[in-house]
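**Student:** What follows is the residue order along each chain.
Number of protein chains: 2
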Amino acid sequence: MNLRTKILGLEAGGKFIVVLNREDAEDLSVSSLERVRVRGHDNEVIAIVNIASMLIVKGTVGIYEEVKNSLGLNEGDEVDVEIAPLPSSVYFIRNKLNRRKLTYNEINEIIQDVIKGKLSEIEIASFVTALHVFGLDLDEATSLSMAMVKTGNILKINKPVIVDKHSIGGVPGDKTTLLVVPIVAAAGLTIPKSSSRAITSAAGTADRVEVLMPVNLELKEMQRVVEKTNGCMVWGGTLNLAPADDIFIRVENPLSIDPLLLPSIMSKKKAVGANLMVLDIPTGRGTKVKTIGEADLLAKDFMELGRRLDIKVQCAVTYGEQPIGHTIGPALEAREALAVLTGEVKAPDLIDKATNIAGILLEMSGKKNGKETAMEILRSGKAERKMREIIEAQGGNPNIKTKDIPVGDQTYTVRSAKEGYILWINNASLAEAARLAGAPKDKGAGIYLHKKIGDRVKKGDPLLTIHAERDLKLQRALDGLEKADVLGIGERMDMLIHEVRELPVSKTTFMIER
Amino acid sequence: MNLRTKILGLEAGGKFIVVLNREDAEDLSVSSLERVRVRGHDNEVIAIVNIASMLIVKGTVGIYEEVKNSLGLNEGDEVDVEIAPLPSSVYFIRNKLNRRKLTYNEINEIIQDVIKGKLSEIEIASFVTALHVFGLDLDEATSLSMAMVKTGNILKINKPVIVDKHSIGGVPGDKTTLLVVPIVAAAGLTIPKSSSRAITSAAGTADRVEVLMPVNLELKEMQRVVEKTNGCMVWGGTLNLAPADDIFIRVENPLSIDPLLLPSIMSKKKAVGANLMVLDIPTGRGTKVKTIGEADLLAKDFMELGRRLDIKVQCAVTYGEQPIGHTIGPALEAREALAVLTGEVKAPDLIDKATNIAGILLEMSGKKNGKETAMEILRSGKAERKMREIIEAQGGNPNIKTKDIPVGDQTYTVRSAKEGYILWINNASLAEAARLAGAPKDKGAGIYLHKKIGDRVKKGDPLLTIHAERDLKLQRALDGLEKADVLGIGERMDMLIHEVRELPVSKTTFMIER
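Residue numbers (numbering that gives the first Met the number 0), protein chains in the order written: chain C, 0 to 513; chain R, 0 to 513.
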């Protein structure tokens, strides 16, 4: 059927979508969300159909940007539109809904079609839900990892040993990577670290690092930095290491499920050529992994998946019941990390975590006394020098000082209304407050935590200071804090957590961060 | 945040959607598919966010038709857009993903939010997938049925006994309802029958009936017809009996799953006030329900759900290995049904099925010898007269004759290439061919089946005749038939069904028809 294009001027998030008039759709026997083959200018794409009854008139077809660009269409061009058969990947997904294990070839075809924009959000959401409900077995996780590597870019660094670290996330204020990379690189190991930006948290590692240096590097620039300094800290988004993952996460996020956790992480490590890796699993009530037993089971899965992908994995199960260090939010965190590197501040938990993880990597690559070596590299200033080298190589100012880093000047300090001990800290509420204050977009927004679990407080003592760049957002964060239980203060024998008087709405959720 | 509207001129299928510029979205801390509250002209809606980087400039917001109409917006109006909290229904869906049973109140809130357009396609797809994977228990099925009734229209007919029938579908050519309704109504029972149009089949009952009379009746007109004639045959789409179901089906169809089968059917029966009902469960390889054992289990669930909803249900497990009668496609089927009512043709399987089902309804309402009575009503011409009464009451021509019904004049007859018996008929391929010929949109398109299972054929005997309204579609149907195995012809001891030489792509699917 020949139709005239109407350019809609809208993007579909990478998917190929066209809008048909209801009558034309009936004539083609296609329903909404079925597929058509659109042919124009000697080229063709498979597009998903939306249907409009009023604004796309009979004889025309509404064209989203992706289709426009792929076929080089202009307003009023003639295109040939015909019904297209269902891609096989849809049948594979339907098989998964009926509990069938998927083969490598089937998974590979699903991943290819996800990237090509051939699958609708409904199909991807259903696939991801089925993976969540049934659980991924390790064969499928391996296939998914391999298929995701195959469909993305590969970093080639000519070194026999390449190390990497990853945290499955969930703890606010976790700036460990900003210490581990310079320590490990200063020790002579190669660590091509890519990180994500925040998705539901107040800061991702890429957001933190960006306060100190550019992170939007192309793959070639990343390679140059690593070859020069042994390390880097870049944003994964521009590298296209496992592009399918970015599409899955758009669906996983609103559902607050993360069934692709293992292949998502491991595919990116494989893509940068890592052969030794340490995985940080923060554990505690406020994180993704609630108990040490669960953490050990997850560790086992990662280690086995690593073995199948030729990556030796060790895991660090870490304490995650409260933020790491004292700061949450990109600039506050970058400043704290830099201050630890320069020796200006001591954040004992942050230093302990970073040197433990760096130490594991050092020992995995054959060095002795890993943690002590890491501590010595940090204390001696070698880590700071390496950090400045990396900053310079990535295009930042190598002489940056902590006081050069601006933080939000709209502040409010919350003080304790009573005396007692800090019994618990609600990670999710703190992260939410930092987001309301403007993080991660407003780099200077965030929270400074004056007290941590176990600390004694008197009435009137400062508990936390909110930083925002704009008064309006400061107010929003304060309103948010008022509604939430952020810190528990009481005597050590206080037993009641909260009362349930009517049917509760359980709003359990978790931070997705990769 | 105050933004100027840009009217997009696109519909979102009932959902409230707005498109934000990426920077504005970051400032509001909303991601794609999260929700905002849009306030304008003293009114507000909760809308789902899409994000555009180019075509919605900073400071403007793209407005879909649903939001435009709900708030009465014009191009360039100022609206206030703020982040909105997640609806509780999203948390209930997340709980379901983690295998929690949902309470009535939780289900009710999900259904309400589905209808109000507050849930994204991803959330609905995930919910429907979880229901498919975990299965609905009867408590949840009851809650869903009640919530769907509560959110839709109700038919009020002042009669102590109201009967209804339903087929779970899957057999092509099933025009049974066109006989059952007039038989039962002629016997003095009240049967306010609403039916669906085809979704993935070649004709739904509403499509068939529409050949004989208007079916797009409003609820009040339906009531008037039933009060006048004891029966009606209308399309459910205009009645709004369980509007949530129409939204679910848009998601279920591309996934080829139907977890809401029970509440979908039973809520509509409850909404028309039925208290006696017979459910037809066609059984066989080409239908939804493959074996008699499965059919019995499904029957049990329907009967128990009926009990909880105060509807007495009996089931008829019927033979579904081939089409009912000889015709597929709206006009061909309407003509066959009318010809059976007038006595012009005998279609023994169709008559047997219709009189059995009508007979069950007669016996359920206290009459003796149901099947014989039904047969007598059909044979005596009473059913035909009742049919013409209903046709007249619904606004059709009561004197319509079979020869007045036009069928597609582009025809091609497929003849047997060999001698033998018809061993099997592939329902799905036949329906697909009828669709390719233009059914259900082209009412005259379809297939006439000359032979049925068990019939002896000689080389050159006509097997089936395709009817189309346009030559192009006839050709398309023929191309489709060539690729498919439609009829199996052979000797009765032929054992091989097909060979599997390489990894097959299992394209199992089923007809969704309600």
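A portion of the hints provided could be inaccurate.
As the list claims (entries may be wrong) - Selected chain R positions facing chain C (Cβ under 8 Å, derived; list incomplete):
(1) 100
(2) 129
(3) 255
Unchecked claim - Within a straight-line C-alpha distance of at most 27 Å, the following computed DSS-like cross-link-like pairs (lysine-lysine) qualify:
(4) R:289 - C:100
(5) C:402 - C:381
(6) R:289 - C:14
(7) R:289 - C:5
FYI, nobody ran anything at the bench for these hints, they're computed from the structure.
Note that the Cβ used here is the ideal one computed from N, Cα and C, for glycine as well.
**Student:** Hint by hint, where does the structure go against what was stated? Just the numbers, ascending.
**Tutor:** Numbers 1, 6 and 7 - these are the hints that the structure violates, sorted from lowest upward.
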